[in-house]
Each structure stands twice: as structure tokens, then as C-alpha cells.
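J.: Assemble the whole structure, with the sequences as input and the hints as a guide.
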Amino acid sequence: MYEQKILLAGQQNAGKSTLFNRLTGARQHVANYPGVTVDKKVGVLSHQGKRFQLVDLPGTYSLTSFSLEERVARKALREERADTVLNILDAANLSRSMHLTLQLIEMGQPLVIALNMMDVAAKQGTHIDVEKLQTTLDLPVTACIGRTGKGVDNVANSLNTSRQSRFLLRYPDIETHIRATEALLTQIPSLGNKADAYSRWLALRLLENDQELLDSVDAECEAAWRASLAQIQNKAEAELEQSVSDYIIACRHQAVMHILETCVTEQNKTATATLSQKIDRLVLNRYCAPLCLLATVFFIYQCSIVWGYELTNYTWPYLASLREIVAALLPEAGFLHDPYLRSLGLWVIDSANTLLNYVPIFLILFALIAILEDSGYMARIAFIADKVLSKFGLHGQSTLPLILSGVFAGGCAVPGIMATKGIPDNRARMATIFTVPFMNCLAKVPLYTLLLGIFFDKNKALMMFYISTITIIAALLVAKLLTNTVLKKSETAPFVMELPRYHLPTLRSVATRAIERTWTYVRKVGTIVVAVSVVIFVLLQFPGVPEDQQAQYQQQAEQAVAIFQKSVVGTDYEAVLTQERLPQLINLYTDYKRAKLNAQGAETSKAVNATFAARDPELFQFVAPPRGDKVLKSIHRALRKLARTRKQIRLEMKEQQLENSMLGSFGRAIEPISQYAGFDWKINVALLSSFAARESSVATLGVLFQQDDESNEKLEQRIGGSEEFSAKGELSAVALILFFALYPPCLATVMMIRVQTGQYRWMLLAIALPSVIGFGVATLVFSLGTYFSLSGVQAMSGAYFTALILLLYLGFKRSKPLHKPEALTT
Amino acid sequence: MINIINVSPLSVLNIMKCTLSTLKPGEIATISRHLAEGPVRQRLLDLGFMPQSSIEMVRYAPLGDPIEVRIGRNHVLLRKTEANTVIVKRNA
Chain A
1 MYEQKILLAG
11 QQNAGKSTLF
21 NRLTGARQHV
31 ANYPGVTVDK
41 KVGVLSHQGK
51 RFQLVDLPGT
61 YSLTSFSLEE
71 RVARKALREE
81 RADTVLNILD
91 AANLSRSMHL
101 TLQLIEMGQP
111 LVIALNMMDV
121 AAKQGTHIDV
131 EKLQTTLDLP
141 VTACIGRTGK
151 GVDNVANSLN
161 TSRQSRFLLR
171 YPDIETHIRA
181 TEALLTQIPS
191 LGNKADAYSR
201 WLALRLLEND
211 QELLDSVDAE
221 CEAAWRASLA
231 QIQNKAEAEL
241 EQSVSDYIIA
251 CRHQAVMHIL
261 ETCVTEQNKT
271 ATATLSQKID
281 RLVLNRYCAP
291 LCLLATVFFI
301 YQCSIVWGYE
311 LTNYTWPYLA
321 SLREIVAALL
331 PEAGFLHDPY
341 LRSLGLWVID
351 SANTLLNYVP
361 IFLILFALIA
371 ILEDSGYMAR
381 IAFIADKVLS
391 KFGLHGQSTL
401 PLILSGVFAG
411 GCAVPGIMAT
421 KGIPDNRARM
431 ATIFTVPFMN
441 CLAKVPLYTL
451 LLGIFFDKNK
461 ALMMFYISTI
471 TIIAALLVAK
481 LLTNTVLKKS
491 ETAPFVMELP
501 RYHLPTLRSV
511 ATRAIERTWT
521 YVRKVGTIVV
531 AVSVVIFVLL
541 QFPGVPEDQQ
551 AQYQQQAEQA
561 VAIFQKSVVG
571 TDYEAVLTQE
581 RLPQLINLYT
591 DYKRAKLNAQ
601 GAETSKAVNA
611 TFAARDPELF
621 QFVAPPRGDK
631 VLKSIHRALR
641 KLARTRKQIR
651 LEMKEQQLEN
661 SMLGSFGRAI
671 EPISQYAGFD
681 WKINVALLSS
691 FAARESSVAT
701 LGVLFQQDDE
711 SNEKLEQRIG
721 GSEEFSAKGE
731 LSAVALILFF
741 ALYPPCLATV
751 MMIRVQTGQY
761 RWMLLAIALP
771 SVIGFGVATL
781 VFSLGTYFSL
791 SGVQAMSGAY
801 FTALILLLYL
811 GFKRSKPLHK
821 PEALTT
Chain B
1 MINIINVSPL
11 SVLNIMKCTL
21 STLKPGEIAT
31 ISRHLAEGPV
41 RQRLLDLGFM
51 PQSSIEMVRY
61 APLGDPIEVR
71 IGRNHVLLRK
81 TEANTVIVKR
91 NA
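These protein sequence lines map, in sequence, to chains A and B. Residue 95 in the numbering used here is what sits at position 95 of the first sequence, and the numbering runs on without skipping anything. Residue 8 in the numbering used here is what sits at position 8 of the second sequence, and the numbering runs on without skipping anything.
Wrong hints could be hidden among the right ones.
[Said to hold, decoys possible] Pairwise CB distance ranges (calculated):
(1) Arg-51(A) <-> Ser-54(B): 46 to 52 angstroms
(2) Gly-38(B) <-> Pro-446(A): 48 to 54 angstroms
(3) Ser-783(A) <-> Gly-38(B): 47 to 53 angstroms
(4) Ser-789(A) <-> Gly-38(B): 28 to 34 angstroms
(5) Thr-262(A) <-> Ser-54(B): 21 to 27 angstroms
[What the hints assert, rightly or not] Examples of chain B residues lying across from chain A (beta carbon under 7 angstroms, computed):
(6) Pro-39
(7) Val-40
(8) Leu-45
(9) Asp-46
(10) Asp-65
(11) Pro-66
[Claimed, not checked] 27 angstroms max Cα-Cα, derived DSS-like pairs, lysine-lysine:
(12) Lys-80(B) <-> Lys-489(A)
(13) Lys-41(A) <-> Lys-5(A)
(14) Lys-488(A) <-> Lys-80(B)
(15) Lys-80(B) <-> Lys-387(A)
(16) Lys-278(A) <-> Lys-80(B)
(17) Lys-80(B) <-> Lys-813(A)
(18) Lys-421(A) <-> Lys-80(B)
(19) Lys-278(A) <-> Lys-24(B)
(20) Lys-24(B) <-> Lys-391(A)
(21) Lys-278(A) <-> Lys-391(A)
(22) Lys-80(B) <-> Lys-391(A)
(23) Lys-24(B) <-> Lys-387(A)
In case anyone wonders, no lab produced these hints; they're calculated from the structure. The C-beta atom is built at its ideal place from N, Cα and C for all residues, glycine as well.
T.: Structure below.
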């Protein structure tokens with residue numbers, strides 16, 4: 001049990017999370033505040049033998065009910081009954097931070113104050129008299145530097161000393177009205193009778209016409225009560241000749257100024273340009289800004305996607321060996337039929353490996369993002385890009401999610417959607433969540449490469465350009481569509497934000513954040529994908545191959561075994577190679593072959609030989625016959641042939657199974673509709689299975705377009721030569737590319753959308769909308785293309801420029817202002 | 001008496017007064033009042049846009065919107081739609 005509960009309150013950019021991390025270390029977890037998608041970070045601090053539970057409130061400037069963050073913070077302050085509220089102030093920006101402090105005092109919270117960023121304050125010549133501030137505010141105040149950890153111990157020490165301040169902020173012109181409202185409050189059973197410390201605070205909020213509070217008392221009060229409140233409000237406003245809230249803020253501002261005058265001395269009052277301003281002159285310069293932004297994006301892309309992908313070449317062998325370990329633990333493969341446990345186990349570990357393979361990429365990506373966030377450049381990106389994005393209902397801060405999910409062919413929508421957390425405007429955030437999956441994630445690329453290789457070998461570059469830019473066009477158009485329809489009524493926030501100073505990010509903070517986010521990805525996505533891969537497995541396995549077919553395969557297998565037996569009969573090894581040991585032998589052989597393929601260099605190759613020899617010395621002699629032994633050599637040859645025949649039969653069985661499976665029947669069932677887009681059932685199955693993970697689209701196509709005999713054609717040639725594709729090949733390919741570009745997000749993304757939006761209906765929309773749009777576009781392009789007998793490139797160009805013209809039309813059309821026309825009162 | 005006129009604020013203001021969004025980079029002005037209500041007004045006041053405080057236009061974004069302004073030591077970014085709600089008086 002925790003002895004004390006502590007809430008961390010402070011404004012954005014005051015270094016709240018840095019201090020939170022310093023105090024709690026790794027002992028923290030992230031949940032949501034009930035009912036909303038605002039992160040609730042909870043951590044544990046053990047200090048001087050006591051255990052404290054720390055809860056990080058959303059960063060806020062005020063405690064009004066205008067924004068979600070403020071409502072959440074306010075609710076937590078009112079309902080969590082904390083032992084201590086730790087208010088963190090930016091020492092270099094006291095005048096701003098102090099507003100929140102005075103509001104917390106007014107609420108009657110048990111407070112301690114931490115002055116953060118004392119180093120920055122000192123550098124800009126601000127000297128704060130901590131003693132004086134302590135007596136003025138009547139609260140314990142400690143100074144610290146969260147970034148380096150200096151003074152954080154003192155902050156921890158002070159947590160026990162919290163108290164309600166006796167500092168009283170007076171509002172001379174409305175004091176009588178405050179008292180009148182307080183008197184009114186006693187009539188509300190849930191509020192007044194308790195005579196809470198914050199009844200003055202409640203009265204002030206009611207005078208301000210705080211909507212949330214009014215709504216909450218509405219249920220309990222009568223019309224007469226509301227009328228008397230309105231009477232007091234009107235009277236106050238008439239006397240003030242301004243709104244009560246303006247007056248309250250003005251009084252508070254005056255009080256803050258007064259406190260600062262007594263406690264703070266500024267050394268160099270003449271405004272010299274700070275380092276941040278000097279950097280911004282270059283970085284935000286009209287001409288340099290786009291270049292800097294492009295350079296940054298390119299750098300991120302290069303480091304995480306390109307180099308990170310190369311890094312996976314080094315990490316993949318570990319995942320492959322993990323698979324081997326699991327394969328060894330599972331029951332052995334049969335000659336024709338594998339035990340379900342084995343196929344399922346391998347299937348699950350393969351799905352998990354596909355995801356884990358991206359871990360190096362994500363570690364780099366998240367570290368770079370943490371650097372961008374900590375340094376303060378992220379806010380500048382929003383500044384540069386906002387104009388274009390806001391035209392289509394997105395937000396300046398949508399840039400990062402879009403980059404992460406692969407604007408330049410290569411990314412992942414999962415971290416992209418996670419990164420939408422930072423967008424303050426809810427409508428734009430939702431629009432971003434729905435458009436991020438349109439970007440070209442890493443897993444879409446193989447299918448593009450495959451199709452381009454088959455059909456558009458000459459126009460590869462042009463087609464790739466079309467593909468990678470049409471997704472951006474589609475994303476912007478869909479964002480516009482959504483913000484004008486389903487998202488029309490969702491809450492927006494004004495684009496007014498502080499431009500933070502530049503900070504040098506610390507290794508510690510960057511590393512913690514990168515690891516923390518990657519872990520979230522692995523945990524959240526991993527578990528879901530594993531669970532769903534089981535479902536897909538079942539859909540692909542059952543009902544299985546029909547019995548007569550089964551018997552046929554069995555017969556083929558028996559024939560192959562008989563041929564093998566012939567080579568053994570009459571040799572010394574007849575007794576060893578019994579019918580029972582045959583599966584073992586053939587498994588040893590295939591395992592050995594695979595291990596040899598994975599082994600790099602002579603050393604490892606030797607080691608593989610040693611391991612397999614140790615596994616079964618008796619059978620190993622057939623797998624790798626010693627030089628010169630003619631009998632063993634001929635058995636080895638027969639074994640090789642048997643293994644090949646077995647592989648062939650198993651492949652055919654697999655295809656049969658796929659065709660018969662539930663997913664296969666579903667693919668066939670929707671063929672009558674999907675043919676309008678040029679998709680046959682094989683494509684349908686590939687697209688359906690790629691919903692679990694995009695990578696599987698090419699793999700499934702590989703199984704579906706099997707090679708017939710011994711011919712060793714590459715998949716490209718097989719698909720290109722197949723009947724389904726040869727007729728209207730290019731157009732089908734274009735339709736398929738367009739559909740795949742607009743295709744619903746993969747399962748992991750869909751689950752992340754559920755987490756980030758907090759509602760299943762949004763998740764369903766995220767699946768349905770792209771399906772409809774994708775299929776509509778594919779059908780349109782295929783039908784029109786067929787009608788006008790266009791070539792593939794012509795059809796693609798047509799689709800591309802239509803979308804582009806639509807985009808430009810919407811972009812240059814003078815949009816109606818989001819805010820109501822400004823009213824001028826005279 | 002309160003009249004609500006749905007016309008551009010500029011036409012009824014005297015010549016020295018204008019909206020924040022019309023300042024040129026480097027120009028300094030004094031905030032005289034806010035036209036916005038609700039969240040926008042609250043956020044502006046929270047970020048230090050108090051009437052009578054001095055405000056400097058720092059720069060426009062490369063595409064002309066949003067803008068960056070300075071109040072005291074703080075730099076604030078805002079869209080022109082929001083900046084249009086702030087009436088300022090140019091310092092001579």
C-alpha cells in the first residue's frame with residue numbers, strides 16, 4: 001500500500017514529465033483516465049522508507065472547463081483526494097506558471113512548489129528569492145533542475161511538508177457577489193453542505209459561468225436557483241463593465257506581478273536575443289525552414305527506416321534461432337501431416353517474429369522522435385506545416401504521425417497513430433488517426449515491388465512516384481471528407497501554443513522514452529497479433545482437404561516411400577531404416593538443410609554438422625554420407641529425391657487446403673463482386689489474409705500461385721503467366737495497387753486505433769471507410785480502363801491526376817472559416 | 001446596449017488600431033482588447049495576452065500562416081484566425 005498519493009500539476013513545457021521520471025525512475029505505468037483518452041501516468045517513489053504514489057496530471061495553464069486536459073486535471077484534483085499536490089513551475093517563465101499556482105491555492109489543495117529549470121532562469125539573468133517566495137505564498141518551495149537531477153532530492157524531501165496556503169487572492173469588486181454565490185451553494189446538497197475548503201473556488205467558477213460545473217449542478221437545483229445565480233452574475237457584470245472571468249484573470253495577473261516584483265530580480269532587462277531566437281532566425285526563416293524540415297525528415301527516414309532495416313539483418317538470425325528453438329520443442333513433423341500443435345506453434349511464432357523484426361527500427365525511430373520532442377523542434381514543425389494541413393482539417397502537429405507511418409514508402413502506422421497523442425485539437429487528431437494508415441508502411445512495399453516488377457518494368461520509377469504520392473493525396477482528401485462529415489461536431493481547440501525554448505536532450509530521457517514506447521508497441525500489438533493469428537490460422541486450416549483427395553495424396557506418398565525403400569533393400573542398413581524411423585530421417589534431413597542454409601562461414605557450417613551428428617549419429621550418416629561410401633551415397637540420393645517429392649505433395653496439399661479453407665471459400669464467395677475491380681479469388685484471399693499483417697500478402701500469393709512441376713520460375717513469372725492475370729493484367733495490377741494503397745489498416749493498426757480513440761465504432765469506421773473507398777476506386781479505374789481500353793500506366797495517370805485536381809481544387813477553394821464570424825460588440 | 005455587428009472589425013476601429021495579424025515582422029504593439037469568446041479567449045489570456053501588455057510580431061510561417069509573436073520573454077504561435085480576434089494598437 002502507498003502511504004501517500006501525490007498529484008503532479010504544472011503547465012506544458014514546465015518539465016513535469018522530466019521531473020516525474022526523475023522521481024519515479026522505471027517504476028511507472030501508463031493508463032487512461034476513465035472514459036477519456038488522456039494518458040494517466042502513475043509511478044512509485046520510495047523515499048526515506050515511505051512509498052508515494054505519483055500521478056502525473058495533464059499539463060495545463062488553467063483549470064477551466066474549456067479543454068479536455070483541463071477538465072481531466074480539474075476532475076482529478078477534485079476527486080482523487082491527494083495528500084499532496086506537487087506544483088511544478090518553470091523558473092524561467094514564472095509569470096506564466098504562477099497563474100496555475102494561484103488557482104491551485106484557491107482550490108484549497110495541499111501544495112508544495114518545485115521551481116524547475118533554475119539553470120535556464122539563471123542563464124537569462126533571473127534571480128528568484130526562494131525564501132521570500134516561500135513566505136509570500138505561504139507554501140514550501142524548493143528549487144531544482146529536472147534535466148540534470150540537481151535538487152530533485154530536496155523536492156522529494158519536501159513532499160511531506162505540503163499544506164493549504166493561507167494566501168488569499170482578493171477580488172475587491174466582486175467579493176459581495178462571491179459571498180452571495182457561496183450562500184446559494186449551501187442549497188446544493190452535493191456541494192454546499194460539506195462546507196468544503198473550495199466553496200469559494202466553486203463560487204468563483206459559477207460566477208464565471210463555468211459550463212461543466214453548471215451542468216453538474218443542474219440536476220440538483222431548481223429553476224429558481226439558476227435564476228438567482230443569473231441575477232448575481234448579471235449584477236456583477238454590470239458593475240464590472242466586463243465579464244467576470246476577464247476580471248478574475250486580470251486580478252490574478254496583478255497578484256502574480258506583485259509577487260514577482262517582491263521575489264524576483266532581473267539582471268539584464270534589455271532584451272538581447274537568446275540562443276533559441278538566434279537558431280530560429282535560421283531554422284524558421286522563410287527559405288531555410290522547408291529545407292531544414294526536409295533535411296530532418298530525410299535524416300529520420302535514413303536513420304530509422306534505411307539503417308534500421310539493415311540492422312534487422314543482424315537481429316533476424318536471433319529471431320530465426322528462436323523459431324528453431326520453438327520448432328525443436330514442438331512435436332515432430334509427420335511425413336505428410338504435421339500435428340496441429342506444431343503448425344499452430346510455428347504459425348504463431350512466425351507472426352510474432354514479423355513484428356519483433358521491426359523492433360530495431362522502432363527503437364531508433366522513437367529515440368529520434370524523443371530528441372525532436374525534447375529539443376523543441378517538434379513545435380516548429382507544426383508551425384511550418386500547419387497551413388497546408390489545416391486546409392484539409394489536419395493540424396500542424398499531424399506532420400510527425402504522417403512521417404512515421406511512411407510518407408516516403410516505409411514506416412509503420414502503429415507508431416504513427418501513437419504519435420497523434422500530441423495533437424491538441426481533437427477533431428484534427430481524429431482525422432489524423434484515420435488518414436495515417438493510408439501512408440505506405442514497410443509491409444506494403446513488397447507487393448508493390450512484385451507487381452511493378454511483373455507489369456511495369458519499364459515505367460517502374462514513374463509508377464513508384466505515383467504510388468508514394470497518391471497516398472498523401474488520398475489522405476488529405478479523406479481528412480477533408482471526415483472533418484466535414486462525421487467529425488464535424490467533435491471538439492476543436494484553438495491553435496494557440498507556446499513555442500518552447502530549444503533544449504539539449506539528455507541521453508537518459510531519450511533512451512527511457514524510446515524503450516518505453518517500443519515496449520508498449522511490443523506488448524500491446526504483440527499480444528493482439530498473436531491472438532488473431534490463431535484465428536486466421538483456423539480460418540486457413542479448416543475444414544481441410546476432402547477425404548478422396550486425401551487418399552490420393554496418401555497414395556502418392558506411399559509410392560515415393562516405396563521407391564526409397566527399394567534403394568535400401570539388400571544393404572547393411574535395412575535394419576536401421578525401418579518404416580517407423582523414416583519420418584525422423586526425413587525431418588533430420590530437412591532441418592539439416594535449413595540449418596546449413598542459415599549458417600554463414602565455414603566455422604558455423606562445421607558446427608552445424610557436429611550438432612546434427614550428435615542429434616542422431618545413426619541417421620546422420622545418410623544425411624551427410626562420408627566420402628567414398630557408395631552405398632550410403634546412393635541411399636542419400638534416394639533420400640534427397642524422397643524429400644523433394646514430399647515437399648511437392650505437401651505444397652499441393654497446402655494449396656488444396658487453402659482453396660477449401662473458410663477464408664478460401666470466402667474469397668470465392670466475394671469473387672462475383674470483386675471481379676468488377678479485376679480481383680479473382682486468389683487475390684481476395686491474399687488481401688484478406690494481409691489484414692492480419694501486410695507482409696503475408698506476398699507470402700499468400702506465393703502459395704496460391706504455385707509452381708506446377710519441377711519448373712523453377714520466380715513468383716513474378718508465375719503470376720504474370722497465370723490465366724487470371726494475363727487477360728487484363730496491367731489493369732488488374734493497377735486496380736490492385738490502388739486498392740492496396742487505400743486498403744484498411746492492418747490488425748495491429750486497427751487495435752491501436754481502438755486504443756487511441758477509445759471507441760469500437762471508430763475502429764469499425766477505420767476498417768469500413770478505406771474498404772469502401774479502396775474498392776470503389778479500384779472498380780472505377782478497372783471498369784473505365786477496360787471500357788476505354790487503356791494501358792496500365794494510362795489508367796494510373798488518369799486516376800492520379802483526377803485525385804490531384806480534386807486536391808488542388810479543395811486546397812485553393814476559399815474555405816469557410818472554422819470559427820464563427822467574429823462579433824464586434826460596441 | 002449591445003449590438004453585434006458581423007463586419008470586419010477594421011472598418012469600425014480607428015486608424016491606430018488593427019488586428020494582431022496585420023502587424024509586420026518586427027513591429028511592436030499594445031494589446032487593447034480581445035474579440036474572441038470561450039476557449040480562444042481563455043487560451044490567449046492564459047498565454048499572457050493581457051490587455052495593455054506589449055506584443056511583438058516576430059515572423060510569419062513560410063506559407064504565411066500561422067504567426068509567431070513575442071510577449072515578454074515568451075514566444076507564442078497562433079493561426080491568423082485566432083490572431084484576428086486580438087485588437088492591438090501600433091506603437092508609434
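J.: Failing hints, ascending?
T.: 4 and 21
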